[in-house]
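There are 6 protein chains.
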Amino acid sequence: MYKNVVRALMVGRFQPFHNGHLSLVQQIFEECDELIIAIGSAQFNYIYKDPFTAGERILMIHASLVDSGIDLSKCYIIPVVNDENNARWFAHLKSMVPHFNVLYSGNEFVMTITSESTIKQPNFVNKNEYNGTNIRKLMVTSRNWKKLVPNAVFLIIEKINGVKRVRTLFESDSDPQRW
Amino acid sequence: MYKNVVRALMVGRFQPFHNGHLSLVQQIFEECDELIIAIGSAQFNYIYKDPFTAGERILMIHASLVDSGIDLSKCYIIPVVNDENNARWFAHLKSMVPHFNVLYSGNEFVMTITSESTIKQPNFVNKNEYNGTNIRKLMVTSRNWKKLVPNAVFLIIEKINGVKRVRTLFESDSDPQRW
Amino acid sequence: MYKNVVRALMVGRFQPFHNGHLSLVQQIFEECDELIIAIGSAQFNYIYKDPFTAGERILMIHASLVDSGIDLSKCYIIPVVNDENNARWFAHLKSMVPHFNVLYSGNEFVMTITSESTIKQPNFVNKNEYNGTNIRKLMVTSRNWKKLVPNAVFLIIEKINGVKRVRTLFESDSDPQRW
Amino acid sequence: MYKNVVRALMVGRFQPFHNGHLSLVQQIFEECDELIIAIGSAQFNYIYKDPFTAGERILMIHASLVDSGIDLSKCYIIPVVNDENNARWFAHLKSMVPHFNVLYSGNEFVMTITSESTIKQPNFVNKNEYNGTNIRKLMVTSRNWKKLVPNAVFLIIEKINGVKRVRTLFESDSDPQRW
Amino acid sequence: MYKNVVRALMVGRFQPFHNGHLSLVQQIFEECDELIIAIGSAQFNYIYKDPFTAGERILMIHASLVDSGIDLSKCYIIPVVNDENNARWFAHLKSMVPHFNVLYSGNEFVMTITSESTIKQPNFVNKNEYNGTNIRKLMVTSRNWKKLVPNAVFLIIEKINGVKRVRTLFESDSDPQRW
Amino acid sequence: MYKNVVRALMVGRFQPFHNGHLSLVQQIFEECDELIIAIGSAQFNYIYKDPFTAGERILMIHASLVDSGIDLSKCYIIPVVNDENNARWFAHLKSMVPHFNVLYSGNEFVMTITSESTIKQPNFVNKNEYNGTNIRKLMVTSRNWKKLVPNAVFLIIEKINGVKRVRTLFESDSDPQRW
Numbered sequence: 108m109y110k111n112v113v114r115a116l117m118v119g120r121f122q123p124f125h126n127g128h129l130s131l132v133q134q135i136f137e138e139c140d141e142l143i144i145a146i147g148s149a150q151f152n153y154i155y156k157d158p159f160t161a162g163e164r165i166l167m168i169h170a171s172l173v174d175s176g177i178d179l180s181k182c183y184i185i186p187v188v189n190d191e192n193n194a195r196w197f198a199h200l201k202s203m204v205p206h207f208n209v210l211y212s213g214n215e216f217v218m219t220i221t222s223e224s225t226i227k228q229p230n231f232v233n234k235n236e237y238n239g240t241n242i243r244k245l246m247v248t249s250r251n252w253k254k255l256v257p258n259a260v261f262l263i264i265e266k267i268n269g270v271k272r273v274r275t276l277f278e279s280d281s282d283p284q285r286w
Numbered sequence: 108m109y110k111n112v113v114r115a116l117m118v119g120r121f122q123p124f125h126n127g128h129l130s131l132v133q134q135i136f137e138e139c140d141e142l143i144i145a146i147g148s149a150q151f152n153y154i155y156k157d158p159f160t161a162g163e164r165i166l167m168i169h170a171s172l173v174d175s176g177i178d179l180s181k182c183y184i185i186p187v188v189n190d191e192n193n194a195r196w197f198a199h200l201k202s203m204v205p206h207f208n209v210l211y212s213g214n215e216f217v218m219t220i221t222s223e224s225t226i227k228q229p230n231f232v233n234k235n236e237y238n239g240t241n242i243r244k245l246m247v248t249s250r251n252w253k254k255l256v257p258n259a260v261f262l263i264i265e266k267i268n269g270v271k272r273v274r275t276l277f278e279s280d281s282d283p284q285r286w
Numbered sequence: 108m109y110k111n112v113v114r115a116l117m118v119g120r121f122q123p124f125h126n127g128h129l130s131l132v133q134q135i136f137e138e139c140d141e142l143i144i145a146i147g148s149a150q151f152n153y154i155y156k157d158p159f160t161a162g163e164r165i166l167m168i169h170a171s172l173v174d175s176g177i178d179l180s181k182c183y184i185i186p187v188v189n190d191e192n193n194a195r196w197f198a199h200l201k202s203m204v205p206h207f208n209v210l211y212s213g214n215e216f217v218m219t220i221t222s223e224s225t226i227k228q229p230n231f232v233n234k235n236e237y238n239g240t241n242i243r244k245l246m247v248t249s250r251n252w253k254k255l256v257p258n259a260v261f262l263i264i265e266k267i268n269g270v271k272r273v274r275t276l277f278e279s280d281s282d283p284q285r286w
Numbered sequence: 108m109y110k111n112v113v114r115a116l117m118v119g120r121f122q123p124f125h126n127g128h129l130s131l132v133q134q135i136f137e138e139c140d141e142l143i144i145a146i147g148s149a150q151f152n153y154i155y156k157d158p159f160t161a162g163e164r165i166l167m168i169h170a171s172l173v174d175s176g177i178d179l180s181k182c183y184i185i186p187v188v189n190d191e192n193n194a195r196w197f198a199h200l201k202s203m204v205p206h207f208n209v210l211y212s213g214n215e216f217v218m219t220i221t222s223e224s225t226i227k228q229p230n231f232v233n234k235n236e237y238n239g240t241n242i243r244k245l246m247v248t249s250r251n252w253k254k255l256v257p258n259a260v261f262l263i264i265e266k267i268n269g270v271k272r273v274r275t276l277f278e279s280d281s282d283p284q285r286w
Numbered sequence: 108m109y110k111n112v113v114r115a116l117m118v119g120r121f122q123p124f125h126n127g128h129l130s131l132v133q134q135i136f137e138e139c140d141e142l143i144i145a146i147g148s149a150q151f152n153y154i155y156k157d158p159f160t161a162g163e164r165i166l167m168i169h170a171s172l173v174d175s176g177i178d179l180s181k182c183y184i185i186p187v188v189n190d191e192n193n194a195r196w197f198a199h200l201k202s203m204v205p206h207f208n209v210l211y212s213g214n215e216f217v218m219t220i221t222s223e224s225t226i227k228q229p230n231f232v233n234k235n236e237y238n239g240t241n242i243r244k245l246m247v248t249s250r251n252w253k254k255l256v257p258n259a260v261f262l263i264i265e266k267i268n269g270v271k272r273v274r275t276l277f278e279s280d281s282d283p284q285r286w
Numbered sequence: 108m109y110k111n112v113v114r115a116l117m118v119g120r121f122q123p124f125h126n127g128h129l130s131l132v133q134q135i136f137e138e139c140d141e142l143i144i145a146i147g148s149a150q151f152n153y154i155y156k157d158p159f160t161a162g163e164r165i166l167m168i169h170a171s172l173v174d175s176g177i178d179l180s181k182c183y184i185i186p187v188v189n190d191e192n193n194a195r196w197f198a199h200l201k202s203m204v205p206h207f208n209v210l211y212s213g214n215e216f217v218m219t220i221t222s223e224s225t226i227k228q229p230n231f232v233n234k235n236e237y238n239g240t241n242i243r244k245l246m247v248t249s250r251n252w253k254k255l256v257p258n259a260v261f262l263i264i265e266k267i268n269g270v271k272r273v274r275t276l277f278e279s280d281s282d283p284q285r286w
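Residue numbers (our numbering), protein chains in the order written: chain B, 108 to 286; chain H, 108 to 286; chain U, 108 to 286; chain Y, 108 to 286; chain F, 108 to 286; chain C, 108 to 286.
Derived from the structure by calculation, the hints contain no laboratory data. Check each hint, because a few of them may be wrong.
Mimicking DSBU-like on lysine-lysine, the simulated pairs with C-alpha atoms at most 35 Å apart in a straight line are [what the hints assert, rightly or not]:
1. Lys244/C to Lys254/F
2. Lys244/C to Lys201/H
3. Lys254/B to Lys227/B
Please read these numbers as outputs of a predicted model, since none were measured by experiment.
My request is simple: use the sequences and hints to build the entire structure.
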């Protein structure tokens, strides 16, 4: 903020962070100086749709960027809890992250709600494969998901026994608080 | 997490981040490999006691670490909203940050509530001066606060016109929503 | 309250306010002196099921009543956020609106929960057509919804580009915070 | 919104609505076409500082405007619950009220947080007397508060036995949920 | 806590408490000294899936235990509201109930999240019949549900006209706040 | 509920449960058949004013009643979280506890808010001594508080090292989340 940088923002749930996300990060760094990665739905975890905690997702992203040779002094990885009032959400987001000049988003409402930032359309590669829903499904059906995520993400998910977690959440079709 | 690092956690409100905090960061890096800086009361801002947004505080800390030559690939700067149930707070915190092995805290309750982590007593230098309450008071009374914070923090506060904000909040003795 | 009026209450989400609602308003004014229109789910917006903000819905209702020649000094148009505890909801509602003597509701639980007010069955005309779900569907499929709402509502939706909003929300099948 | 009106917003807690507020309403109508009166801290009641419910405050304001000959078809009286995140508060407010062009506020932060609206300084007459804190104090000490509020407010407070409520809240120095 | 008892915990929504639950209670008392029955989703009621209030469910359980000759001085029946952050839920639960040594749960995540307690697999008899979802369905279709619940539960549901409530909730396919 | 009992309710924060509370319990059982003890501010703990968790307070009350020879099959000990909307609080409370006929309360607002129950004035003995604030103060200053609480409460506080907790909370003048 105190230097004249072009700082971009991208938002996602990152359940998990995959190669499509990483590719977007690299694309943004070709166009901007710094990048904020906001992790949405930060309060959710241990649900089939949102299996990993905010802390685990931070670690996955951080490690992937380090492994990719990205300069972490140019990155901000920030969890953001949801806001039930959508019209207020952008102000909510802005209070939680450093000032940014460019917003990468394909969400049409983000475009509508925001008027101040430059909005750029993210160019997601291979969106059908590099896709959280698809990756969690591959985990459940014991198929190859490893190639769709950065190696750091693979190692972290192994370490926390994440595939078993996703499978259990899928099978029980419920979260821990429903009895 | 997937490497065998010693990862430390420190928590604060950082209103603002000052030289006492920075000194603790440096001390921790002499003893640990990585550091998580959790920013408490992340949802509060534009209050005399909590003048800066979480996003502004992230920027202050990030810039200060970069300027101090600290390797940002070893740092996690993470905002955490409060939890009204104190007995649940440590679990709340853990869900929002990567796994850590060492907790730097002088708060006796953190020590009581936590049983799993190694707890180390932070060694705050010059606690009477390097102190958020003191710094905000110096801002209000137009005295020299600049030397108590990293230069990056000073520049960011200048840029966002932070001294005027702190002064107005002090004088109105109220927050924007009280009429 | 300080005069001896018969004050009625009607509740709805009004997404959007349509001719069925307006007709009920007119029917109530034949039987009562004053009318409170409580706008439920006030905190929701930019969702396919709840596309308009509370502020936009207030404006639609207010303008429709003015255009219909209804005396606004007899009307209270009040947004009310939801309460997850249904058994507490009626007390929640009562704290947010002026005292009322008659409640127009076809909801069987409102009847169960309330014991103090006179409850009257609203007489909705043409409920299949004059129906928020139906009107939003007509918007999505580019069919004629204009005749189902007061002209003021039509003009406001035009002005805020509301049809495009409803369509985008339908197509994306998601709200702005899901990524 | 669909006509080209100048619509103003004023915000207050109105505990209770007094002659200073009414005078500001009249001043605004000399300059603008329509007025939104947003009632802040709408969720609080039965506390010494916030004795009246949102519904009671709506009634007080509504009745005072009617008695003063103000055209209610130009007025919107809207309760708004607080938002703990001040930086998000203005977006929160905007989602709950119709679009406005002019904001009457002496609160310096509202001025800082808002960039889109014209801001006008309200001209409060006799602020030491026409003041909620002062009026509640007069109620507690059985002195003359009646002349400080519109007659409609006086009658409503009589009807709901409001002076006794304020006194009890003062004496017990507590709210109903503290034991 | 101050005596050396083995205290067990079981959790459920108990919509309603049925013979399968009662049978588990009896099984636990063969193995432990005291039992905490935590009632989850305590804040929900008047929804088809959660028709009864926490207070009503407490009464059903209490009366069933008394009728079964269980010593209530060994029992704690405690409502617990949900926590949207699953990773924090166990700490939330622990703050609301007395200390326990054994947890009866078939929920795999409870097993994952907890590390401190002994976990035992509950042995539910006849799970397809003794099952809240099944019982509510039998109520809706006017079939015999009476034999599936303790007689005390039957009498309480009769008294509060619970079958009609469940049926209305099913038919309206909505809760009282959706209009 | 399904028998024709007179069921009373008393509410308190019970930080801690003391002989004044116990004496009231005994007094109520002379007049009523069953008693609900609602534990207010259930979500607060590890604060000087609210040092004990809901679970710990439940245990203190339960054990004291058992030791006093009170029949626990006539008692319901139920934690209730606060509600920021006071006008809604009584409905909130009623949703969390079994139906009751008599309310013991000296709080004037409870009397105002409730219209359905019989209200009886509790007769607190020796209110200056038997008083949570006083007892916590005695703990801080190492004076004799033991005689003011039932022996079971004393033993539980010993077991959880409660006096040290209260002292630390007093000295730090803060809760664990303020840094």
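Exercise. Would you list, in rising numerical order, the hints stated earlier that this structure does not obey?
Key: Violated hint: only 1; rest satisfied.
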